[in-house]
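*Asks:* The whole structure should be built from the sequences, with the hints applied where relevant.
There are 2 protein chains.
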Amino acid sequence: MPMLLSTTDAGFEAAFAAMLGQKREEAEDVDAAVAAIIADVRARGDAALIELTGRFDRLALTPETLAFSKAEIAAEIARVSPEDRAALELAAERIRAYHERQKPEDAGWTDAAGAWLGWRWTAVSAAGLYVPGGLASYPSSVLMNAIPAKVAGVERLVVACPTPGGVVNPLVLLAAQIAGVDTVYRVGGAQAVAALAYGTATIAAVDKITGPGNAYVAAAKRRVFGRVGIDMIAGPSEILVIAEGAANPDWIALDMLSQAEHDASAQAILITPDAGLARRVQAALEARLPGLERAAIAGASWRDNGAVIVTRDLDEAAALSNRIAPEHLELCVDDPEALAAKCRHAGAIFLGAWTPEAIGDYVGGPNHVLPTARSARFSSGLNVLDFMKKTTLARMTPEALRAIGPAAERLAISESLQAHGLSVRARLDRLNG
Amino acid sequence: MPMLLSTTDAGFEAAFAAMLGQKREEAEDVDAAVAAIIADVRARGDAALIELTGRFDRLALTPETLAFSKAEIAAEIARVSPEDRAALELAAERIRAYHERQKPEDAGWTDAAGAWLGWRWTAVSAAGLYVPGGLASYPSSVLMNAIPAKVAGVERLVVACPTPGGVVNPLVLLAAQIAGVDTVYRVGGAQAVAALAYGTATIAAVDKITGPGNAYVAAAKRRVFGRVGIDMIAGPSEILVIAEGAANPDWIALDMLSQAEHDASAQAILITPDAGLARRVQAALEARLPGLERAAIAGASWRDNGAVIVTRDLDEAAALSNRIAPEHLELCVDDPEALAAKCRHAGAIFLGAWTPEAIGDYVGGPNHVLPTARSARFSSGLNVLDFMKKTTLARMTPEALRAIGPAAERLAISESLQAHGLSVRARLDRLNG
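Which chain is which? The protein sequence lines are A and B, in order.
The first sequence maps to residues 1 to 433 in my numbering.
The second sequence maps to residues 1001 to 1433 in my numbering.
If you're looking for bench data, these hints aren't it; they were derived computationally from the structure.
One or more of the hints may lead you astray.
Said to hold, decoys possible - With a Cα cut of at most 27 angstroms, we get these calculated DSS-like pairs of lysine-lysine: (1) A:103 - B:1342; (2) B:1150 - A:103; (3) B:1103 - B:1150; (4) A:150 - B:1342; (5) A:103 - B:1103; (6) B:1103 - A:342; (7) A:342 - B:1150; (8) A:70 - A:150; (9) B:1070 - B:1150; (10) A:150 - A:103; (11) B:1103 - A:150.
Quick caveat: nothing in here was measured; it's all calculated off a predicted structure.
*Replies:* As structure tokens, this is what we get:
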């Protein structure tokens, strides 16, 4: 049974706080195994990578076959239907157009002291995208990771994707091609992350690693953080729908199920001031559930992690939403813009009844790699800036140094950093002498 | 002896690669101790925090004295000289002015399909700044961490600073006051990071933790990453100076020593096409060293980690700089802007002979919290965006959904995510039926 709460219940605050604190996914303790795998790849490079791929993916590789050849990619892609290709291309075009607008601007100005100040954005030189194999091998995620990197100006963009038993999803290869990926390596797990971070004879090291993965991949990313940049450590998916009484209960039920079907750890929550709608959505959801191909997964998610909360009004709904900081927030209300203005913490907001969250997963344009597990309080979905970095710039004139140098010298002395002070003083003495 | 290399040496590439791979600081393995401390603070809150502060800082606190009172702060600040206060205020004003320009803009537009798309930036609600105690307790770092947070719009900003034996640096408290910090807690170490991340009865949890610290603090930040946001894990400081023959060798020597005096693990490198200048800088540096208060530290840094590299020309210097990706890059050349354009990876660039790096540490305006250990390849110095996050926004119209919905449905089916497809299909059926 999903959790059914009303903010007027005596026990509401305790129950809501418990839900917020609930850990939906037990992190497997794989850190020791991952540390050993990373050390092995660092020490033995390709040999370790090939041996581990043989063990975990039942696949015999050589340095020459670590990457898909052009002929192999062409042969796989030829199996994709024209309709699937057209859909992927439409998605890529829309994702590219949205992310093009995220490109940041450089700046430079002269201030009152005569100092010239500014900053400059540059792209990361090389990035590696992790793409899971098997069931969670989503071509849409390839687009969502690779396109921001290309828009940022990343020069070398590679994919690591395990192919257990040699099986690959042709749509993943097509998505990589459409997005402009240079090379696809058929390796996965912690060993792939280690190869991308440290490099091997065949796989050149990258500067940034992004993309979802299992517990081994997540632990490996956490371990190589600092050596390379990483994106967030993604947790199970979540949706929060805030709806008013007039909303269509079947549409909301399907939107909630489209998160629940991802994973038994996924979470779908409805918050509404209308108790009648709450009942109608529950009924619609129970009616849709048995017919789903993934009924078992979606049912477990709904039973174990689902929640329906009835509030006094929409303001109270927004306040609860801010405490949840949902990955996906859908506003099925008359004035979604007004409500969105009150929702400060969310990865992505879907405004109005005609914007199902699934549009955002594929073709809306915004990224579908979003902060989970309440991390929208402090982080953003994947974007172009994740593949760029800012260099600050400063140029003093003699006059500027004369104006602000003495304060720098004073602070250096107060911090007992004498050489800092002397480096300023030597120049001031030249100006004064 | 610092490393002396010339790019025309036969062994140059191997020696340079070895220098790049060199680990200047052995990370103490404190992870198990830190895990236990965090678990203790999570389980016992204030009681654990107070007990650990008693043990590590020899300071007996109660929940009531965890934070400095207004009277205590006023009494400490009264000890600061007017000159030091004026210097701090000038620094704060310049840092604030620079960071105000970093505030990002929201966006929104209607695209060809009729979809309304956009994004919105919002501030993190609460941030905690870690400030080391003792020798490395720098008021300038308080400004550099706190001001971007305030400019971003962070509502609750707290500082955690250990006060071993009860001793605090009054300039740290003044810097916190000038920057607008709400509360200063006299706790430190992994226990302070745990309290900020998880909260105790007295210290409310924050959403983001920034600031430098020792191995315990760094390990604790790495462990709470995900529960809260963190900034980078900072390593020892570095400077790279690229200079031409006409440059002043004494100024360059002092700039290099102002990094070397931080820490024996710090690194100062000179790259120049002029072998004569290389010798003059070395001589100037050796001449300045013995007179420094921190001669032992700076000398160890220079001996163990210093380097002088003679190149064929400035282009080769820029190429080496890009492989180093220095935290601080100083360009003492005739046309620093032209050379800066070729230096893609650096935390901060200081242009021309009148811009000693120490200006950037205090009063330049740009942030002095910068990526170390080659991480400027993929990350930026601390900035306003570190205290903000982006929410993507999308609103479909019926027409937009009709245009792009079928592609979303098709991709959902190709990924075996049936409910995703149905959530779009149910709306399309309404439009068509």
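*Asks:* Which numbered hints are broken by the structure, listed smallest first?
*Replies:* none
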